[in-house]
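S.K.: Could you build all of it, start to finish, from the sequences and the hints given here?
Heads up: the sequence lines are chains Z, W and X, in that order. The working numbering applies: residue 1 is where the first sequence begins, and numbers increase by one. The working numbering applies: residue 1 is where the second sequence begins, and numbers increase by one. The working numbering applies: residue 1 is where the third sequence begins, and numbers increase by one.
If you're looking for bench data, these hints aren't it; they were derived computationally from the structure. Hints may be right or wrong, so weigh each one.
As the list claims (entries may be wrong) - 27 Å max Cα-Cα, derived DSS-like pairs, lysine-lysine:
id, chain 1, residue 1, chain 2, residue 2
1, W, Lys14, Z, Lys491
2, X, Lys77, W, Lys203
3, W, Lys19, X, Lys77
4, X, Lys88, W, Lys26
5, W, Lys19, X, Lys86
6, Z, Lys380, W, Lys150
7, X, Lys82, W, Lys14
8, Z, Lys642, Z, Lys626
9, W, Lys19, X, Lys21
10, W, Lys14, X, Lys77
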Amino acid sequence: MHYTVGEPIQDAKAPEGPVEERWDKRRFAAKLVNPANKRKLRVIVIGTGLAGGSAAATLGELGYQVTSFCYQDSPRRAHSIAAQGGINAAKNYRGDGDSIYRLFYDTVKGGDFRSRESNVYRLAQVSVNIIDQAVAQGVPFAREYGGLLDTRSFGGAQVSRTFYARGQTGQQLLLGAYQALERQIAAGTVTMHTRHEMLDVIVSGGRARGVVVRDMVTGEIETHLADAVVLASGGYGNVFFLSTNAKGCNTTAIWRAHRRGAYFGNPCYTQIHPTCIPVSGEYQSKLTLMSESLRNDGRVWVPKTKGDSRPAHEIPEVERDYYLERIYPSFGNLVPRDIASRAAKNVCDEGRGVGPGGLGVYLDFADAIRRLGRDAVEKKYGNLFEMYERITGENPYEQPMRIYPAVHYTMGGLWVDYDLQSTVPGLFVIGEANFSDHGANRLGASALMQGLADGYFVLPTTVGDYLAGAGDFGDIAQEDIEEAVGQVQDKIDRLLSVQGDRTADSFHRELGKIMWDYCGMERSEESLRKALELIPELKKEFWARVKVSGVNEELNQALERAGRVADFFELAELMCLDALHRTESCGGHFRAESQTEEGEALRDDDAFAYVAAWEWNPDGTPVLHKETLEYEYVKMTQRSYK
Amino acid sequence: MSTMNLTLRVWRQKGPEDKGRMVTYKVVDVSPDMSFLEMLDVLNDRLIVEGDEPIAFDHDCREGICGMCGMVINGVPHGEQRATTTCQLHMRHFNDGDTITIEPWRAAAFPVVKDLVVDRTSFDRIIQAGGFISVPAGSAPDAHSLPVQKDAADAAFDAATCIGCGACVAACPNGSASLFTAAKITHLGLLPQGQPERDSRAKAMVEQMDAEGFGGCTNTGECTAVCPKGIPLSTIARMNRDYLSAK
Amino acid sequence: MAVTGAVMVLFLVGHVLGNLKMFSGPQAFNDYAEWLRTVGEPAVPRRTVLTLVEVVLAAAVILHMWSAISLARRANKARPVKYAAKRKNQASGYATHTMRFGGLIIVLFLVWHLLDLTFAVVNPAGPAGLPYDRMVQGFALERWWVTVFYALSVIMLGLHLRHGLWSAFQTLGVGNARARQGLSAGAAVFSLLLVAGFLAVPFAVMIGVLK
Ligand SMILES: Cc1cc2nc3c(=O)[nH]c(=O)nc-3n(C[C@H](O)[C@H](O)[C@H](O)COP(=O)(O)OP(=O)(O)OC[C@H]3O[C@@H](n4cnc5c(N)ncnc54)[C@H](O)[C@@H]3O)c2cc1C
Ligand code: HEM
Ligand code: HEM
Ligand code: SF4
Ligand code: F3S
Ligand code: FES
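M.R.: Below is the structure:
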């Protein structure tokens, strides 16, 4: 697969000046819409996760006419509900030296210098308001005996800035946003369409003016028109088939937008989470994350010798290799996700893995139980232990957990400017669906923060600025609507007409395996070229052999899946191409060819300190636009967690 | 552990208008490590290839948190395993040769959409009636300006863990949504932030629940027994009290 | 439900205490029965208070039945399609599932009971007999089936109250979660005492302690 290099892009929207003042400046410069006009302006929001739910609720509160969509039966079920660990905020309630600046610094560094300083600084600033907002909504964060909010340190941070609600932080935050959303639905400012899947964007006169959706119950193809469209459709980790994402997570919304002109930023940046329950068999439909907080008290180890098949308790202390503590003495079991994941892969590749297929390492709580007592451990992690036991049938109080890395989060996504607007005017992208704030690696507990920052605080300002000019947008051309509907209809007809002999899931599984093997934790020129050979072949086979039973005019889950898999194929190719072109290693993107002598990721700042924004090209050769990244505040250094 | 062969009796219903019926399927070589939904995935893959329509069922997270999955398994919502969602139910709890009956949630306020999929938007409307605290974004005071007693915070959390799955309704002999409604009323009613709207919330939500066509509660406790999150019955007492005092 | 139930419970408490007067001998019991009819005299005519009690009681029974029926009908409407698999009860306590059936038995019992001991049409002592004699003859050993029927009904009533009382607290939202656990135990003890109290008299008669 080839590509060409196009014009560089720059994000002109971030104001100049000291980084601390940029967001204030931008807010002040943003044009306001008068309340009477707001009622006439329509905004479509795709997705009801933390990003979309909070955005729709807030836009509704502001008085816009909002139409919101999700594919589940209720907005409360968006995948954000599954987030366990917590949400970061620079509140410094602990007085342990945290500050907005430090959160900013940690995030830029954690992202391995592949994110924008302006955006990250704003994120750290707004983080403070998120906690206030959530608490006021009744989100039951963990509290201390004094009645004040409790925090913990999380995912490699050296300060305690993560707010949490047991192991269900995402659920509680999402329910807060969902309740705010339902309140607006009752007030009539938001119209909700559940069980509707967005299948295309309507672009007219160079602006995003609506969407084409399928009513998943009746199969009806509907069009909805608006003055601005917001995509908050989440991440695309399910391109790997097995991931910690919910089964329905897909790339369709953003991929369709990409095909309509929105650039795709850094598609290859994928985060692999180190603590997931290993695969148990071929039928496996998804992977389950065990919260990273477990690494606070659990110790990771494997046997020192290859092929040691004794049960864990028979392996004496001296024959165990606590490899994270050994290699990274100062961070130990708390090294960032990418490092912990790769280290696990390495020991398993050496043949020292444990459990079925040797694909697992131990996460051992014996020490913690000895030190804190079983009750204390149960109090902290009880629900996670229970979940583990339910899935594996093993009791983690008695034998160590087995964990293995799994695809978890995608830092890449549609390219957006400082205003969260894509390259298609009027098309905004928020939450995990955009590429914006995490660079090449996301820190734990920062995705919830970003989704809510975007939805509650950033987008409502910037969309307003855009909509202030809505009078001049012009009419929506009928042929643009028809063209989009035609494309959607056409794809559905094609899927239904193949009538082959394999299910969409079986193709998806195979695609996922290719991605995991060749574009997973470690990538090389050779593996990526191989993937770029295999994917188009499989895609061709898909279109020749896929079997979709039933018809369009009904609830048809086979059809839904087939449509999503078709888009994953196209995305997978772009991911591999992006990974291939970026010959450096950075964050979650590890190129075998670019590593230090100790096997750590080696960046190449001279050649790659840019965002890769890919433009869709119908002829099959994507165009690469580079946005150069500059660091005025955080000096670029090689990450080291030794 | 060796694999199992099972007989499934599954409710099939083409759409809301269809009468629906039980259909029997055999599934072979079921691994005990499979989840219940993975077992159905395997069956569905086979049905699709054979040109049949797969059994429609709702699911998303498959981690027991989104509340989307749910079917009545051998007469018990989410199956007999306690405190478990269908997606977290594993086949190791069944035996080789078992016959398993699978039905959708049955309630007038949860009409069947297709097969095992039901429409639970009535729950959303109950929340719309008052299951929130009214704070527009950006208007909140500093989070530490309002300490909350740990006990209250913990109890509120227990109620807040409801995943909105609807198993309580499916299990209740009266088809009542009391546990779901009470969980939200309790969560918000226990927090200081929730006080200003406490009475009006309880009144509006209970009235909406009745208007949706759910049955009345006679305190039989089936709901809490099947609730995957173990929402306690005391929430219902609290709802009743708030409701009575709101009049 | 809770309110009407409570009215009936109050009556039952009085009733069982009254019944226990049987153990104080014929005189005491007959006086008590007489007192029931004359209480309040001469301020109000004979039987005023008793009639009032009867009216309230009748209203309570009717309202209670009416609510029970409308709840049942609502439940039926809330689940028009039944489950194919036999529902397995997950909650403990069979009492919770016998409320409707139990209530019906109790009402049937009431009909018999009124015919027997109040109007005494089916009582061997006849309408003219003294209350004490009606009891003694009514529960005589050769009429063991009457006693058995009473016993079964009263046990049913106990079960009904065991759940009903706790349920009433729940419905009225009394107390907090911990207190309500105590209430549940209290309801059980109360029901047990009540059943024992009611059964004491017929059995005492049957085995000849009272004659
Ligand atoms: C298991 C797990 C644990 C995590 N834990 C943490 C944590 O502790 N801390 C943290 O910060 N982050 C965590 N994350 C990451 C974080 O949860 C997500 O990145 C974040 O919630 C994404 O939110 P979102 O609003 O962007 O998208 P989502 O919550 O994924 O919402 C997507 C929405 O888009 C809708 N949608 C998607 N496609 C379409 C379509 N085609 N048509 C219509 N609607 C569509 C869906 O219905 C849904 O409503 C975790 C992630 C996982 C998987
Ligand atoms: C036709 C006869 C009866 C029927 C059908 C009946 C039915 C019921 C039912 C279904 C309930 C549960 C309602 C709920 O918990 O909300 C109930 C509760 C109750 N019943 Fe009865 N019952 C009958 C007679 C009686 C009698 C004779 C008494 C007492 C002497 C009684 C006392 C109670 C009490 C105290 C409750 C609890 C009220 C509550 O929970 O709100 N019932 N009854
Ligand atoms: C087994 C124990 C019982 C005995 C021995 C008993 C005895 C009596 C007697 C002797 C009377 C007549 C009193 C009079 O007219 O002077 C009476 C009346 C009555 N009993 Fe009972 N009873 C018993 C149980 C019950 C129960 C369980 C109930 C209710 C569920 C009940 C309800 C009534 C009622 C409603 C009356 C009529 C009161 C009136 O007319 O004012 N009894 N009982
Ligand atoms: S109360 Fe329990 S059973 Fe009912 S919806 Fe909530 S989680 Fe499900
Ligand atoms: S099962 Fe039904 S009767 Fe009440 S206690 Fe639960 S809602
Ligand atoms: S699929 Fe989410 S709870 Fe079961």
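S.K.: Determine for every hint whether it applies to the structure shown.
M.R.: Checked hints:
1. W/Lys14 x Z/Lys491: Distance of about 24 Å is within 27 Å: holds.
2. X/Lys77 x W/Lys203: It holds: about 23 Å lies between the C-alpha atoms, which stays within 27 Å.
3. W/Lys19 x X/Lys77: 18 Å, holds
4. X/Lys88 x W/Lys26: 24 Å, holds
5. W/Lys19 x X/Lys86: Within the cut-off at roughly 20 Å; holds.
6. Z/Lys380 x W/Lys150: Roughly 15 Å between the alpha carbons, so the hint for Z/Lys380 and W/Lys150 holds.
7. X/Lys82 x W/Lys14: 18 Å, holds
8. Z/Lys642 x Z/Lys626: Judged against 27 Å, a Cα distance of about 32 Å means the pair is violated.
9. W/Lys19 x X/Lys21: With Cα atoms ~62 Å apart, W/Lys19 and X/Lys21 exceed 27 Å; violated.
10. W/Lys14 x X/Lys77: Distance of about 23 Å is within 27 Å: holds.
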